[in-house]
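**Student:** Based on the hints, put chain P in the right spot on chain E.
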Amino acid sequence: MKHHLILKVITKFMVGVIVLFGLYVQFHGDYSPGGGFQAGVIIAAAFILYGIVMGLENVQKVMPIWFAQRAAAMGVLVYALTGVFSIIFGFEFLNYHAISPEHPKHGQHYGIILVELGVGITVTFVMIAIYYSFAGRTPRLDDKEW
Amino acid sequence: MASEIKQGTLELVNHLPILQVITPMLIAPILVVLNNKTLSWLLSFLGALACLFISILLIQAVSDGSILTYYLGGWVPPIGIEYRIDAANAILLFLISIISTIVLIFSYSSLHAEIPEEKHTLFYSCFLLCLTGLLGVVATADIFNVFVFLEISSLSTYVLVAQGAYLDRRALSASFNYLIMGTIGATFFVIGIGYIYMATGSLNMMDIAERVNQLSDNRTIQAGFAFIVVGMGLKLAMVPLHVWLPNAYTFAPTVVTCFLAATATKVALYVLIRFVFSVFNYEDSFVNELFFLLLMPLAVIAMIAASVIAIFKQNLKKLLAYSSLAQIGYMLLGLSLMNQKGLASSLVHMVNHGFTKAALFMSLGAFMLKTKNVYIKSLRGLGKSMPFTSAAFVIGGLSLIGVPGTAGFISKWLLLEAALETGYWLVAILIIASSLFAVIYIWKIIEVLYFSESSEAYNEVSVLTLMPIWILALFCIFLGINTSLTVDVANMATEILFK
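Protein chains in written order, with numbering that gives the first Met the number 0: chain E, 0 to 145; chain P, 0 to 498.
Just chain E, with the same shape it has in the complex (with noise of 0.2 Å):
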C-alpha cells in the first residue's frame, strides 16, 4: 500500500483518538455504557487498523505476538487475583468489600474497575492476536495483483 498516502496520514492520526476513545470507554463503563470488553475491542480497533494500512510487520514492531499472547493472558490473571484478594483477607472470592471493608462502596467501586481492566486487556490482546493469526497465513495473492 505504498501509494495510499491519505489512508496512512489519517491512519497515523485515528489510531491515538481511537486508543483514547477506548480509554474513555473503559474508566467510564461503570458509569456509562461500556466497559471491559467495549473497550477492548475498540483499542484492538486501533492495532488492526495500524497493521491493515501500514503492514502486518510494522504493527509487530509496536505489538509483537509474544507480547500480545502474555498480555491476553495477564489479563485474566488480574481478574482472578481481585478475586483470589478477597479470599486471601477473608471474603468470597470476588467479593469487593474486601478491598475497603470501612467504605463497603468504595471497595466495590474500586473492584469493579480491577475487574473491568482484567477484562480489556484480555479481550484487547486476544483481539489483537487473532487478528494476528488471520493475517499471519501466508496469502494467496501478492498485494501488487489486484
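You may find that some hints are simply not true.
[Said to hold, decoys possible] Per the computed footprint, the stretches of chain P lying under chain E, defined by three or more beta-carbons under 8 Å from a beta-carbon of chain E, are:
id, segment
1, 20–28
2, 68–75
[To be verified] Label-pair restraints from in silico Cβ distances:
id, chain 1, residue 1, chain 2, residue 2, range
3, P, Asn35, E, Phe12, 34 to 44 Å
4, P, Asn338, E, His27, 51 to 61 Å
5, E, Leu55, P, Glu116, 24 to 34 Å
6, P, Asn35, E, Phe26, 26 to 36 Å
7, E, His102, P, Ile480, 52 to 62 Å
8, P, Asn481, E, Trp65, 46 to 56 Å
These are computed hints drawn from the structure, not numbers from a lab.
Idealized CB from N, CA, C, for every residue including glycine.
**Tutor:** What follows is chain P alone, placed relative to chain E:
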C-alpha cells in the same frame, strides 16, 4: 446487597467449593506468562493434585449428607451465583480431579510423541481451562453459570482435539465437526435456559425448583426442558446425536482422549441429571414420559448398536470410542428408569466407567508410543514384548465387560437389579446381550495381544508411563472390591436428588 454477610471472617475451609474451580483457572494464565515447557507440566500437575486434594476434602465434608454452599462475591443466591456441593457433585468433582492428575502423569512421558515441544505450554494451559470448565459445571448451582463453564470446557476441548493434527490431519475435521455439533448443543441449552428464565424469572437451581412446582402445565417450561435435553444430548453423545464422538476420540492426542472419555460426557450427563431432579420436578409427566418413551429406547439402541459397530472396527481408538457410546447408553438407561436404584447405578457407572475407559485408552496410548498406530494388526504379540501394558489393558477390558471383581461388574449389577426391580425384563436381557458384545470386541484384542506371533519386537514402555496406567488399572479392581467410595456416596446422592 450483602451487608448482612459477616465481614471478612471466612476461613480457608469455607472457600473449598470455589478453590476447587479457580485453582486450575489461576494456573492456566500463569503458564502462558511463564512459557516454560517443563515448568508448565509441573505447575499443571501440582494444580491438578491440589484439585484432587480439595475434592477429597469436599467428599469427606458431604459424605454425611450435608450440603456446602458458597456465595460468589458475597451476593445472596437468587441474585448472586451460588456454588452448591452435595454428594452427587462431590463424587464427580473427585472423578474429574483424579483423572486429570493421572492423565497429567501420563502426559509427561507421552506428550512429546504427539505434539511439538513449542506447543506444550499452550496445551497444558488449555488442558487446565478444560479442567476448570468441567469442575465449574459440576460445582455451580446457577444454570447460566453451568452454560458459561460448559462453554469454557467445550471451547478448550475443541482446541485440544485439534492438537491431534500433528500426527493425523483428520483431527482437524474431527475437531471442526465437534465444534459445530457442540455449539448447536450449547445453543439449544442456552435457549432452554432462556425459556426457564422467561417463565420463572430466576437462574438459581433451588429457586427455580420452587417456582417450577406451580408451573408444570406451562408450555414455556416444557419447551425449555425439551431444549435442554436435546442440548445436553448432543454434549453427552446420546445416540442419534453422537456423530461427533467417534472421530473426536480417535484423532485427538491420547492424553486428551483419556481425559475426555473419562470426564466430558459424564459431566454433560450430570447436568442432565441435575436439571431433571434439582431444577425440574421429576414427577411431572412431561419429564417422566420423555425419559420413558424417548430416552430409554435411545439408551437401549446405543447399548446394542454401538457395541455391534465396535466389534467391526479395526482402529482400536475408534473401537473404544464406540464402546464409550454403548457405556453412555448404560448410564442413560439407569437415569431413564427414574428410580433411586437406577440413578445410583448411573452415578456409579459414571465413576467406574471413567476409570475403566481411561485405563484402556491410556494403555492404547502406551502401545501407540511404540507401534505408532493403533490398528489391531499392529498389536500382534505385544502381550510378550509389552507384558505390563498388556496386562493393564486386560484388566481394563475385563472391567469394561463387567467381570466380577472389577469396577464394571458393580455398576452393571446395580443397573440389572434396577431394571429387574422395575420389571423391565427385556431391558435386562439387552444389558446382558450388550455385555456379551463387549466380550467379543475385548477378546478380539486380547487374542491379538497374546495369541499371535509378533512380526517386530518392541520394548516395554518406561516406568513413568506404566505408573499412571497401573494406577487406573488398580482402581478398576479396587472399585470392584471396595464400594464405599462409589456406591455409598451414590446412594447418598440419590437420596438428596430424590428428596
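**Student:** None of the hints should be skipped; say for each whether it holds.
**Tutor:** Results for each hint:
A count of 5 residues in the segment 20–28 of chain P with a Cβ less than 8 Å from any Cβ of chain E is obtained; the coverage claim is therefore met, three being the minimum. With 5 residues bearing a CB less than 8 Å from a CB of chain E, the segment 68–75 of chain P meets the requirement of three and the coverage assertion stands. In this structure the supplied range 34 to 44 Å holds for Asn35(P) paired with Phe12(E), their Cβ-Cβ distance being about 41 Å. A beta carbon spacing of about 57 Å between Asn338(P) and His27(E) agrees with the range 51 to 61 Å that was offered as a hint.
Distance hint check for Leu55(E) and Glu116(P): the Cβ-Cβ separation is about 26 Å, which falls inside the suggested range of 24 to 34 Å. Against the hinted window of 26 to 36 Å, the Cβ-Cβ separation of Asn35(P) and Phe26(E) comes to about 35 Å, which satisfies the hint. For the pair His102(E) and Ile480(P), the beta carbons lie near 59 Å from each other, so the given range of 52 to 62 Å is met. Here the CB-CB span from Asn481(P) to Trp65(E) is close to 50 Å, well matched to the stated 46 to 56 Å.
Of the numbered hints stated above, none is contradicted by the structure.
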